[in-house]
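Asker: So the protein sequences, as listed, match chains L and D. Residues in the first sequence are numbered consecutively from 1, following our numbering. Residues in the second sequence are numbered consecutively from 1001, following our numbering.
Treat the hints as calculated values from the structure; they're not laboratory data. One or more hints might be untrue.
Said to hold, decoys possible - Derived list of chain D stretches under chain L, where covered just means 3 residues or more per stretch with a C-beta under 8 Å from a C-beta of chain L: (1) 1018-1032; (2) 1046-1052; (3) 1056-1065; (4) 1093-1101; (5) 1109-1121; (6) 1131-1142.
Here a beta-carbon is modelled for each residue, glycine too, at the ideal position from N, C-alpha and C.
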Amino acid sequence: MAHVDRQQWDVVVVGAGGAGLRAAIEARERGARTAVICKSLFGKAHTVMAEGGIAASMANVNENDNWQVHFRDTMRGGKFLNQWRMAELHAREAPDRVWELETWGALFDRTADGRISQRNFGGHEYPRLAHVGDRTGLELIRTLQQKIVALQQEDFERTGDYESRLKVFQECTVTQVLKAHDRVAGAFCYARESGRFFVLEAPAVVLATGGIGKSFKVTSNSWEYTGDGHALALLVGASLVNMEFVQFHPTGMVWPPSVKGILVTESVRGDGGVLRNSEGKRFMFDYIPEVFKEKYAQTEEEGDRWYDDPDNNRRPPELLPRDEVARAINAEVKAGRGSPHGGVFLDVSTRMPAETIRRRLPSMYHQFKELADVDITAEAMEVGPTCHYVMGGVAVESETAAAVGVPGLFAAGEVAGGMHGSNRLGGNSLSDLLVFGRRAGAHAAEHAAVMDRRDEVPAEVIDAAAAEALAPFRAEDGAENPYALHQELQQTMNDLVGIIRREAEMAKALKRLAELRVRARRAGVEGHRQFNPGWHLALDLRNMLLVSECIALSALERTESRGGHTREDYPSMDRAWRPVNLVCRPVEPAPADPAAARIALVRQRTEPIRPDLLALFAKEELVKYLAEEELYE
Amino acid sequence: MSTYEARFKVWRGDGDGGGLKDFAVEVHDGEVVLDIIHRLQATQAPDLAVRWNCKAGKCGSCSAEINGRPRLLCMTRMSVFSREETVTVTPLRAFPVVRDLVTDVSFNYAKAREVPSFVPPKDLAAGEYRMQQIDVERSQEFRKCIECFLCQDTCHVVRDHEENKAAFAGPRFLMRVAELDMHPLDAAGEAGLDRKRAAQEEHGLGYCNITKCCTEVCPEGIRITDNALIPLKERAVDRKYDPLVWLGSKIRRRSEG
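Here chain L stands alone, though its shape is the one from the complex (with noise of 0.2 Å):
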């Protein structure tokens, strides 16, 4: 085999991100020396399109804030499956995250006292996301950008080198974690511009690769969305907990088909938007469940009223947690009371000034005018759900973000599970990047600062990475079209394991998937490895078909409806599901068979939630979630 380059560090961040960025940037300030490994250019991940806010119980717009109730509404939004310590820690840090951003030269939106402002959002009690106009993710990703270049400035002040502490290997990609003496010792790399081979040697490795969207049709996520993370975990032995729970945003577009699934931002519904059926009907007054009754307006009066009088009044409907307007969207649809594409109405044109519009939703109005001829101040938008975020991930420690199995591998933002339970609130993901980012970044700096004696990886390892790697380009004949594999593969997930679940399909999903699956091993690319996305894709699929079965294994065991898990079997939530996790872990060793199953799905029981945070609650609130031996506990 070929020589392949090696480069030492001290710790290796999978993913330029928010969660990475900042994980790097915390580990590079605790003196680790820090390798950052992106599969696009630094500052286009996909944290970029995150446009509605951070959330944070600052309390700058409503005193009332903070995070005890920052932690109930995450509670409330994922259906109490959350790992409550994460949930804890996020609400508690989420407002540092934020204020150190301006320290960082962030630019938020104000308030009038000169304070950063905040939203309403969806699930969220009082007004918290701080904002940039509807482009926050932007803001985001480009101050921890700016602060990675800021850091490098200080190294270059001190050693003549900019990348001396802190390198950003952009457009490469990681194909394998690698382990030696059963713990991390690196990363196995290929740059996408010229295919050459490179191996990152480091005894901590973080996971900051994001989610898994691009295995459905129709999603608002970009290409890199892969299942990355969540594969390279599994295949080094660690374990992914709820992957059934993928969250469809309910505001994608739906027209023209060749942007069906971009984002319409939750914003456009904080701000005032209203969701109606092709009736003109405000629809979401009759999909408010059971759980929810108490907390929101039973009249479109006082949901209107609520904007300017929140005290007094419930908020409307159409701000319930993504989860339940999604369904309601799916369902008003099926009614036959859809809009001419197959979505429903969403709008701000009647609710609001013009001038308005333009000025808090910029994007989507720009959005809407460049891509499908809407001018959404004039006229309703048309949205339906999109695949958007996935809530399962790698299952960590809560304060550490370890990977639980791995020593040495840490993983933070969407590609770590637990955090959100069954279902997202919007605006948590940018602040749970931040929290957790700096925490996984911390602790894979303490990790390799203990770890003195730095493992070799072992060359037969590389060797392998690399054929496995170069394994397309000796396809032979009657190799399979990747683009052909990943277009079936997405209308398999799309259609038999998507937003509403029959337990038929997904075994028919798990028979296609396996189907798929050998079929993907005989992918085969043209040309030579420079820049080829032929044979990106090829590799990309490994990872997207793993991810895709274990979403369809939990989904297919999880015989309840829960957050972003919707079953037409068992339409209800049950209570006796709560205390369940289910885990995802490989089969070992691997089986050489292609055609054998590769991942054993088990029950786990979750750790109780502490006591003080449960008297957070009412009693007859806990009541409706917690399961019956939980209540006697």
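Go by the hints and put chain D onto chain L.
Answerer: Then chain D, alone, in the frame of chain L:
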């Protein structure tokens, strides 16, 4: 839905050379040029290299030149061309080609590092920052930048003058200097850093002769020339020739703080 067959010319090749290749390809209602490039990949040219990411005009990855004009592939709708028209897609001209439509944009990342970062005010802790909306709006306009580098590509100072690249940061990074200079709480002055002078002396502001090409190609509609470069030039001139203006501005600033 209506479908037709469009004629495309796409530049294929690498650093050693290449040329335009002809394609005939299906186009559906509502599609953008990036959709067509993806269709070519899936059906005719699986190894056609193109950089893209969000496909929603938010990340600035898919910059290229369409019929000679710098544009985002994902925000250029096919409906802007007539059905008879041949659509020509070429890589950004100001940067070296890596392969096909992908160019080496490392110039921009090098320039980004040369602009000194935000200097936080010493006397304010995190959480104590107070700024008025009207004061942050000027810099916020520049922070809408998605770093697509179309302005860097089109700017005639470097587009056909490789030799100017060393001394010229380009519109994107001169705008970054302006953004920091207009940040209400940037404490660069207190740290002995003069951003206005740096723009002139270190980042090549003087090369810009305000032809507004950068503003014309900006997909975010940022008024780069009018709102960032011209004010920066005016201030740089003020600074250079009128020490009293400079002194006045410093005193005013302090008393506001």
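Asker: All hints are to be evaluated individually against the structure, with a verdict given for each.
Answerer: So, going through the hints one by one against the coordinates:
1. With 5 residues bearing a CB less than 8 Å from a CB of chain L, the stretch 1018-1032 of chain D meets the requirement of three and the coverage assertion stands.
2. A count of 7 residues in the stretch 1046-1052 of chain D with a Cβ less than 8 Å from any Cβ of chain L is obtained; the coverage claim is therefore met, three being the minimum.
3. Evaluation of the coverage hint for the stretch 1056-1065 of chain D: fulfilled, as 6 residues show C-beta separations to chain L shorter than 8 Å, against a requirement of three.
4. Beta-carbon proximity to chain L at under 8 Å applies to 3 residues in the stretch 1093-1101 of chain D; the threshold of 3 is reached and the given coverage holds.
5. Counting residues of the stretch 1109-1121 of chain D whose C-beta sits closer than 8 Å to any C-beta of chain L gives 7, which meets the bar of three, so the coverage hint holds.
6. For a cut-off of 8 Å, the count of residues in the stretch 1131-1142 of chain D with a CB near a CB of chain L stands at 6, and the three-residue condition holds.
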